[in-house]
Structures are given as C-alpha cells and as structure tokens.
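J.: One-letter residues, chain by chain:
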Amino acid sequence: MKLVKVIGSVTSTIKDETLKGSKLLLVQCMEVDLKGKQDYYVAVDTVGMGEDEIGLIVTGSTAKKTEQTRKKNVDATIVAKVDKIDLG
Amino acid sequence: MKLVKVIGSVTSTIKDETLKGSKLLLVQCMEVDLKGKQDYYVAVDTVGMGEDEIGLIVTGSTAKKTEQTRKKNVDATIVAKVDKIDLG
Amino acid sequence: MKLVKVIGSVTSTIKDETLKGSKLLLVQCMEVDLKGKQDYYVAVDTVGMGEDEIGLIVTGSTAKKTEQTRKKNVDATIVAKVDKIDLG
Amino acid sequence: MKLVKVIGSVTSTIKDETLKGSKLLLVQCMEVDLKGKQDYYVAVDTVGMGEDEIGLIVTGSTAKKTEQTRKKNVDATIVAKVDKIDLG
Amino acid sequence: MKLVKVIGSVTSTIKDETLKGSKLLLVQCMEVDLKGKQDYYVAVDTVGMGEDEIGLIVTGSTAKKTEQTRKKNVDATIVAKVDKIDLG
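Protein chains in written order, with our numbering: chain A, 27 to 114; chain B, 27 to 114; chain C, 27 to 114; chain D, 27 to 114; chain E, 27 to 114.
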C-alpha cells in the first residue's frame, strides 16, 4: 500500500458504467514525513475520507477486490484511513 | 486511475487481431495543475474523447475489464472524461 | 522481490474489513549497500519482522497469495527476513 | 500500450521452455517526438517488426493474452506496428 | 522482460513456506550497453545463472507462471540466460 493525502476530487459525467455512484478522489503520494511527492492518483474511496486526510491506497488488480469495488473498473482504491504513523 | 490529456492518435495496419476497430489515442499524463508530464500511453478510448480533453485511464489488467475492451489485448484504457478537478 | 528495511508502522481504525488484525509496517526500499531509497511501502508482515530489520517484499497480485494474506486486500507483503546479502 | 522502437535482439540458449521459438527483440521506449528514453524491454514480437521500426508493446499480464504468447512466460509483447503518429 | 546481471545472493532463514528451496539471487537492471542501473530485484533463478552473468527477468504475475515457480509466492523470476545482445 502507499501513503496518500486527499487533495481534491474529480467530476465526470461521461464515464464507464461501473464507475457511476463512486466518488473519485484526487490523492497525492506522501513521503514518510508527510511531504508530498509529485505522484498522484484518482482513487475510489471505500472508507469515508475527508479533505487533507491521510490514507492508504492499493493499486493494480487488488483495487478491484474490495466489497465496494469488485464490479468496478478501477485500478486505485483507498482501503484505510491512517490515524498515526510511528517512525521507530 | 491517472489524469491524462489526449494529445494525438496512432495509426497501425499490422496489429493484434483484437485491436482491430479500436481507436488508439496518444495520451499524456498530467500533474494536478494540468501541466504535462514526460509520461505517455497509447490507450483505447471507451468514452468518446476529443483532442485536448482531460480523462482518466486505467492501466494493467483492469484495462481489459470494460465492456468495450474485454476481448482486447490492451493494458491502457480511457474510462472517464473529466469535467472538473476540485482542489480542496 | 525488493529489499526493504522496516522503519515504522501505521495505525488505522477505519479500514477495509479484510485488513483487520494485520500489522501494517512502513518499509523503505534499499540499495544493495543498504542505503535507503526515497521509495516506501506500507506492507503486511507475514514473518515477524522487527524494527530496522531487512526483509523482502512482494508487490502486486502476488502480495495476496501467501497463506496469511489470501483473503486480504493488500498489494505489498513481507515474505522473508534477510539474514545476509552476499555481493559476489 | 507504450511506444517503442526496435533497436536490436537478444540470443539465449538456456531459457524457460515456453520461450523457445520466440524472437526476443530489444526495444527502447520513445517520447512522442520519437526521441529515445532510457527505458528498455526485451519483448516477444507478434507482428513481424523490423530493425528501427516503431511499435506498441503491452506489459504485465496482458503480454500473455495474445494468440502467439498465451502459453509463454513473458511480460512484454509487441502487439502493433505503428504506421503514423498524429499529434493534434 | 528486463535485462539484468547477477550481482549476488540473499540468505533468508525465516521466510514464506513456498520460498524454501529456492535460490534468491540479487540482480541489477542493465542498460543495453550493459552499464548497471540503480534498480535491483531479488529474483528466483530457473535457469542456473552464475555470478556476473546476464539474464532476463519477468516480474509481476508472470513470475509465478514458470514450472519451477508456479507454487511460489514470487514476483521476479529469471527465465533466460543471455548469450548475446545484438544492437542493429
């Protein structure tokens, strides 16, 4: 999984049927110190993320495995909201 | 999914049988401020994209899951036309 | 597989059902001389890794194939603890 | 798919059984202006590519889906010869 | 496939059951002129590679498709020993 921050959202009217009803969030990949990287995904949210919150995404075929996304043609899904990062 | 802009198209006569009849668009990956990155795909269009329009692509095995691409040997498919990007 | 070092962990209360009960470790990809790269994953541990230990991760669909992760929606799993690296 | 140019070939005697009989081409990823990138694959050819010709490759699990590669353990396959690139 | 050179090996006692009995080689990705890149994998060897030899790896789900790896949780497998690279 990759650490990401929610930085916005994307609106789309014309899209694959399976994407209808899914909120498409714009997320930015994060360094472990939570500095943003120049690497972005548009991901489906399965855990109720808010603006600026930190979460974890899965990409590739795993993105289609959650209960909420198994019939959706997606390759990036937010699967956890992060409460805390502990650096040893 | 990744944000992309349609910047052209590719013509091919000799190709895998399953690709026949599909428009092959040249797309450029975009930063969230819609500045272009040096990262390009040739993707099959499933939503009727026009030149310079912004869309979302799926890559990898998901690219073969849409109704229009399930019998096609593709690894990049445009699944949405983007109307608006909201940065929080 | 990729060489990684355990550098911390991630706590998450709201997450995909299948992730419950799994420790989520923050790992950093390593050069062969064990210098850290600016490349990180959050991975499920299947071998009992400790802080600062070196291990191997699998990513993508393979991450879901281990006995401990086959019902989990993960895309990065630690599959070995590394004892020694021999450079020829 | 990715734009590539054929820049050579690879000879291998000892290899996976499934690779026997397949020509292994060395291809270089291309910018849209056909300037070469520092990114290379060894790919199986399914369309009869010649030296210096431009084509499209699929990578990952899709590479195993063509009629010619479905029993081969490959992760990069040339699926089209490119006649023309139109930049809008 | 990617061109790699064998630069060492990895020893692991505590590991996924399916990895037992497999030699884990440390390989470095190569430019076409055989200059090393800063990109490394730990890969299972299926062709009997020696130190400093050049080979081809498959990554991702294809790595699990060879006869020797089909029950192993690996994402990088050496599938060919390279005799010669011809640059056109």
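Bear in mind the hints are in silico, worked out from the structure with no lab data behind them.
It cannot be assumed that every hint is accurate.
You can't tell identical chains apart in this list, so a pair holds if it fits in one copy or across any two.
To be verified - BS3-like cross-link-like pairs, simulated, lysine-lysine; straight-line CA separation at most 27 angstroms:
#  : residue 1 : residue 2
1  : Lys97     : Lys110
2  : Lys49     : Lys91
3  : Lys46     : Lys91
4  : Lys107    : Lys91
5  : Lys110    : Lys46
6  : Lys97     : Lys63
7  : Lys61     : Lys91
8  : Lys97     : Lys61
9  : Lys49     : Lys97
10 : Lys107    : Lys31
11 : Lys110    : Lys61
12 : Lys46     : Lys97
Since the model is a prediction, treat every value here as computed from it, not as a measurement.
J.: Against this structure, judge whether each hint is valid.
T.: Evaluated hints:
no., hint, in the structure
1, Lys97 - Lys110, "between (31 angstroms within a copy, 25 angstroms between copies)"
2, Lys49 - Lys91, "both (17 angstroms within a copy, 20 angstroms between copies)"
3, Lys46 - Lys91, "both (17 angstroms within a copy, 15 angstroms between copies)"
4, Lys107 - Lys91, "both (18 angstroms within a copy, 24 angstroms between copies)"
5, Lys110 - Lys46, "between (32 angstroms within a copy, 16 angstroms between copies)"
6, Lys97 - Lys63, "neither (30 angstroms within a copy, 31 angstroms between copies)"
7, Lys61 - Lys91, "neither (29 angstroms within a copy, 32 angstroms between copies)"
8, Lys97 - Lys61, "neither (34 angstroms within a copy, 32 angstroms between copies)"
9, Lys49 - Lys97, "both (15 angstroms within a copy, 25 angstroms between copies)"
10, Lys107 - Lys31, "both (10 angstroms within a copy, 23 angstroms between copies)"
11, Lys110 - Lys61, "both (15 angstroms within a copy, 26 angstroms between copies)"
12, Lys46 - Lys97, "both (11 angstroms within a copy, 22 angstroms between copies)"
The structure is inconsistent with the numbered hints 6, 7, 8, although it conforms to all the rest.
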